[in-house]
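Undergrad: Now for the letters of each chain:
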Amino acid sequence: MSSFPLGDRGPSSMPAILRPPAILIVTALLFGLAALAVPRFGTLGNIENVLRIAAILGIVACGQAIVVILAGIEFSFGASAALASVVIVMALPATGVVGAFLLGGLLIVAIGMVNGLLVARFSVPPVIATLGMLMIASGLAAWLAGGLPIDAPPSDTFSWPARGRVLGIPVPILIAAAAFTLLHVLLARSRLGRGWYLVGANATAARLAGLSVPRLVFSGYAVAGLFCALGAVILTSRVASGQPMLAPNLPFETIAACAVGGLPLGGGRGNVLQVVCGVLIVAMLNNIVVLLNLPTAYQLILLGTLVVTAVLLQRDWAFLGQAVRLLTNGRRG
Amino acid sequence: MNGELPMTIEPAIALAMRDIAKRYGATCALRSADLTLRTGRVHALLGENGAGKSTLVKIIVGAVKPDSGSVALAGRPVAFRSVAEAIAAGIVPIYQHLSLFPELSVLDNLSAFQLAAGRAGLSRKALVPRDEARAWLTRVGLDLDLDRPVSLLSLGERQLLEIARGVGRNCRILVLDEPTAALNGAEAERLFAVVRDLCAGGAAVLFISHKFDEIERLADEVTVLRDGATVIDAAPIGRHDRATLVKAMLGMQVEHEHRSGSAQAEPALVATGVRVAAGQPLDLAVRAGEIVGLAGLVGSGALAIAATMAGAAAGRGEISVGQERFAVGDRREAVRLGVAYVPADRHAEGLFPPVSAIGNASASALARFSTRGILGKARERSAIEPLLRRLYLHPARPDAEAASFSGGNQQKLLIARCLALPNLRALVLLEPTRGVDVAARAMIHRAIIEMARTGVAVLIASSDLDELTALCDRYLVVRDGAIAQELPGAASTEAIMAALAGKAAA
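Chains as they are written, first to last, in numbering that gives the first Met the number 0: chain A, 0 to 332; chain B, 0 to 505.
What the hints contain is simulated information worked out from the structure, not anything from laboratory work. Take these hints with a grain of salt, some might be off.
[Unchecked claim] Covered stretches of chain A, as calculated for chain B (at least 3 residues, CB under 8 Å): (1) 142-150; (2) 190-199; (3) 262-269.
[To be verified] Okay, the calculated beta carbon distance ranges per label pair: (4) A:Leu143 x B:Ser150: 48 to 54 Å; (5) A:Ile300 x B:Leu154: 29 to 35 Å; (6) A:Ile135 x B:Pro101: 33 to 39 Å.
[Stated by the list, open to error] Computed footprint of chain A on chain B, listed as stretches where at least three residues anywhere in the stretch have a Cβ under 8 Å from a Cβ of chain A: (7) 346-358; (8) 371-378.
All values derive from a computational prediction rather than experimental measurement. Glycine is no exception: its CB is placed at the ideal position from the N, C-alpha and C atoms.
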């Protein structure tokens with residue numbers, strides 16, 4: 000048996016090969032434009048700053064990506080991170096720093112498991128299940144903290160996840176690199192990851208092919224919780240306090256990163272490179288808003304526009320052409 | 000214009016498409032397609048899956064724009080920018096997958112185009128007047144309560160309703176894409192009568208079907224597409240015999256294989272007293288190497304029985320596979336025991352559209368390619384690629400998304416998924432070649448026979464009697480949710496048909 004014969008019409012697999020670099024090019028273009036047009040964007044200090052922001056966002060986006068590939072969506076990340084930060088700071092005197100971080104992390108994994116259980120076993124739509132968890136976790140955090148942030152006593156161990164360096168590289172960036180590597184292994188090399196793609200692509204077909212759909216969905220939300228837990232520990236370490244309103248935009252930013260990276264929100268598709276690029280784009284845009292001294296409210300407006308545009312583009316690249324034609328026709332008319 | 004009188008009186012040309020080409024990326028769907036529809040005539044469009052029929056139809060109905068070539072409607076060049084424009088110009092598409100709103104009433108559905116064409120703001124005024132709606136229904140031979148929700152109608156009634164909706168407006172060209180695939184005999188007859196009526200009223204009909212019987216009965220002319228080009232252009236239906244048409248479609252002679260003749264003694268897939276969802280207790284045994292056909296009319300329950308045997312449908316009891324057993328409805332355990340399954344609805348239940356061809360074929364056998372949770376991609380590739388090659392997957396791109404293949408080749412992916420099971424012992428197929436072209440059908444039949452010859456127990460539920468008689472060693476006739484009669488492999492098509500209708504039971 001020879002190797003698989005190629006189609007007779009030339010290298011037809013080109014688009015599939017070209018797709019990931021396309022997003023890379025977009026990311027690089029945005030970086031280049033920003034470096035040229037936005038004052039202070041290209042400085043080393045600012046680039047490290049962008050990467051720090053991108054690191055936390057990226058770690059959590061890894062979890063969002065898994066859920067999105069499963070054709071689901073996670074809204075509870077921000078609220079569960081806030082709840083975890085409050086629990087960590089409150090537990091600190093009793094458990095010590097490491098114990099508190101572990102406790103907070105496990106809490107988020109548990110929330111992910113509840114989401115997974117609701118979606119997998121009880122067929123609750125992901126939007127409803129995770130929105131419900133958002134409200135519950137948010138409420139719990141506010142109730143526990145009494146409405147105000149609780150400060151953690153200053154300590155080097157506590158601030159290490161956010162401010163520490165190993166070999167001169169900031170710890171969050173190292174953790175993000177590890178998270179992306181783990182996500183890549185899960186998605187591209189593991190049986191679990193393949194199962195997620197299949198379930199996201201067609202859950203009925205997956206069941207009939209003999210896959211355990213509930214188990215795959217449950218594990219997806221649980222692993223997503225694990226990624227969020229890593230991000231939440233760094234966030235808590237950075238603010239050195241328990242904050243009931245720690246990162247309200249986290250779910251939206253991670254969904255935006257996935258959508259911008261090109262993951263269809265309908266599930267079944269996506270890779271690590273797309274997530275990394277999506278995260279970098281979102282982080283750079285947020286940074287540009289800050290550097291241009293625009294109100295931070297602009298970040299959300301920009302993000303929303305970005306998500307909708309990204310989804311439109313995914314569905315139909317011809318949309319770009321249509322938009323251009325519409326604009327040019329408008330000018331002529 | 001040229002002042003020359005026609006030799007014979009030909010009906011006016013309703014639609015002329017010349018030298019149409021369309022590429023999708025590197026794939027050339029149409030190279031040079033011609034199509035001429037005349038008013039008052041039924042025109043059959045033939046071609047294997049992937050020949051470009053769907054693309055041509057999409058161009059006609061305004062869903063896709065051609066890269067080059069000309070389209071003229073009644074002599075005037077047109078370039079539809081949307082389906083709405085095509086509908087407004089009198090082109091009425093009727094698809095295999097119905098486009099009705101099941102929760103809405105008959106009247107609402109009849110008014111759908113009006114609602115779509117109107118400005119925002121729904122009002123009762125946007126609905127078609129009830130008298131007019133009733134007249135439309137009468138034209139297609141329907142007598143329905145206008146306020147009944149469409150979900151309560153039969154499949155045949157829904158299809159006629161869809162036609163009524165289309166012809167209620169000015170219908171100049173009716174496009175029927177495999178309209179009878181899901182219909183029973185009586186419903187199909189009714190549809191044909193309506194089509195003839197419309198023709199007599201001056202409409203041109205484009206009829207796409209894989210069933211030669213229907214084409215010969217209904218069509219006046221035929222066009223054959225092969226590999227994106229027209230190879231037979233608007234020939235009168237009597238001019239070519241079936242063999243010539245098939246040869247034109249394939250560019251070669253199809254090879255026919257018949258029966259495995261490999262049935263062994265020991266039963267391999269056995270149900271005893273199993274409760275199927277419908278309620279009747281089920282006793283059924285398929286021997287190793289045997290191909291058993293479940294024959295039943297639409298709604299007889301034959302599909303449900305087959306699905307139950309594969310663990311794909313709910314019920315009560317156990318099914319044994321050799322010495323082992325699985326609980327009815329436990330599809331996962333059934334797969335572990337080597338029971339492969341091809342569902343009836345490829346898109347809803349079988350395919351993973353965004354996943355590669357390889358990923359689709361390996362879905363049931365991931366355990367075989369994994370060690371400690373890590374997927375051996377090289378192992379997967381080297382096991383699956385030969386299967387795809389054996390089935391002549393076309394185009395031969397194992398890494399392309401399943402969605403990019405034609406229907407017949409998508410079906411091959413589902414067959415490959417069965418072949419990939421490491422301990423394949425039983426194979427249950429529902430409508431294995433529905434909507435599949437002649438070449439893919441031959442390939443799939445050959446694969447089924449080969450599997451039977453290696454000792455796999457095969458159970459096929461199909462509404463296509465030609466398919467069953469080409470393959471089966473034994474027939475089980477299903478009526479009212481139960482196996483009513485058994486017939487030997489030698490039984491004639493007529494005998495099976497009589498049994499289906501319940502005549503031979505007396």
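Undergrad: All the hints need checking, so say for each whether the structure fits it.
TA: Hints, one by one, checked against the model:
1. Restraint check on the region 142-150 of chain A versus chain B: 0 residues with Cβ-Cβ distances below 8 Å, three needed, restraint violated.
2. With a cut-off of 8 Å between beta carbons, the region 190-199 of chain A has 7 residues touching chain B; three or more are needed, and the interface restraint holds.
3. Restraint check on the region 262-269 of chain A versus chain B: 3 residues with Cβ-Cβ distances below 8 Å, three needed, restraint holds.
4. Separated by about 49 Å at the C-beta atoms, Leu143 (chain A) and Ser150 (chain B) satisfy the suggested range of 48 to 54 Å.
5. Under the hint 29 to 35 Å, the C-beta atoms of Ile300 (chain A) and Leu154 (chain B), about 49 Å apart, miss the expected range.
6. With their beta carbons about 36 Å apart, Ile135 (chain A) and Pro101 (chain B) fall inside the hinted range of 33 to 39 Å.
7. Counting residues of the region 346-358 of chain B whose CB lies closer than 8 Å to any CB of chain A gives 9, which reaches the minimum of 3, so the coverage claim holds.
8. Counting residues of the region 371-378 of chain B whose C-beta sits closer than 8 Å to any C-beta of chain A gives 4, which meets the bar of three, so the coverage hint holds.
In this structure, the earlier hints numbered 1, 5 are contradicted, and the remaining ones agree with it.
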